[in-house]
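Use the sequences and the hints to build the structure in full.
From first to last, the protein sequence lines stand for chains P and C.
Sequential numbering from 1 applies to the first sequence in the numbering used here.
Sequential numbering from 1 applies to the second sequence in the numbering used here.
Because the hints were derived from the structure by calculation, they are not lab data.
Built from N, CA and C at the ideal position, the CB exists for glycine as well.
Fair warning: there could be bad hints in the mix.
Here are the in silico distance ranges between beta carbons for each label pair [unchecked claim]:
1. 70(P) with 44(C): 41 to 49 Å
2. 41(C) with 34(P): 43 to 51 Å
3. 68(P) with 54(C): 48 to 56 Å
4. 70(C) with 46(P): 51 to 59 Å
5. 54(C) with 66(P): 43 to 51 Å
6. 4(C) with 46(P): 23 to 31 Å
7. 67(C) with 66(P): 55 to 63 Å
Chain by chain, the residues run as shown.
2 protein chains.
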Amino acid sequence: MKRDDAIDAFSALAHETRLAVFRLLVKAGPEGVPALEIARRLEAKPSTLSGHLGILKRAGLVTATRRQKEILYAPNFGAVDALVRFLLEDCCGGEPGSCGELAGLGATISG
Amino acid sequence: MKRDDAIDAFSALAHETRLAVFRLLVKAGPEGVPALEIARRLEAKPSTLSGHLGILKRAGLVTATRRQKEILYAPNFGAVDALVRFLLEDCCGGEPGSCGELAGLGATISG
DNA sequence: TTCATAATTCGTCAATGCCCGAAATGACGA
DNA sequence: TCGTCATTTCGGGCATTGACGAATTATGAA
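Spelled out as structure tokens, the structure:
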């Protein structure tokens, strides 16, 4: 995870519709949801939503796979993992500070 | 954590300087760093940085406490915790999906 | 009080992001 | 091939964000 990748990911999530899309995909699970189905559920215009999906995809937060005519979008949990570890890197300079209860997060979620 | 709070937090982190500020504070630990010291380390103009600190503070990502003439800024780890849990809420509809290794994250980092 | 340091607020300007309809592309079935 | 469904691309117009210097507020020391 590089600085600019993190900024792209945070920018992608810093938008009402895109955040809703990501959370919807998280709830839906790894199988994925077709683009138009997402648009229908969020009451968004297909063209507008397509732009948002492209941004989420470029940010690495979602994956897109074709199934017949449809394109299924699914969340990339590894991206969230990487993002949090980047954010908390070298927490408290390695010392067990007030962040102690969170310091193990990186190790925990990276498996 | 409400939707708009999450958007404010992601927006705050979706900026080169603000992201650098937060990560600097994470590394520095819970004691905090004075505003001008942050500006000096990041080679940013004080007035510009002040705006960024205000945004981070309003987003709940950092806290500010005065010590003598200085104002010390420190990271709010609880905000990161809440943000991640909001993002992964109801992961895979509760089923043990591919997000299995991350599903316990909320419980893990919330202590 | 008076001065110096620390930090914030304000005003302007440039740049970026967002929405939507219309048109174009890609994939499948008859 | 032809038609249809699913999705993306494009162009225009509006709103928001970001940077910076100058002026302002706040604190502590002489």
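Each hint, compared with the structure:
no.: 1; hint: 70(P) with 44(C): 41 to 49 Å; verdict: holds, 46 Å
no.: 2; hint: 41(C) with 34(P): 43 to 51 Å; verdict: holds, 47 Å
no.: 3; hint: 68(P) with 54(C): 48 to 56 Å; verdict: holds, 50 Å
no.: 4; hint: 70(C) with 46(P): 51 to 59 Å; verdict: holds, 52 Å
no.: 5; hint: 54(C) with 66(P): 43 to 51 Å; verdict: holds, 45 Å
no.: 6; hint: 4(C) with 46(P): 23 to 31 Å; verdict: holds, 25 Å
no.: 7; hint: 67(C) with 66(P): 55 to 63 Å; verdict: holds, 58 Å
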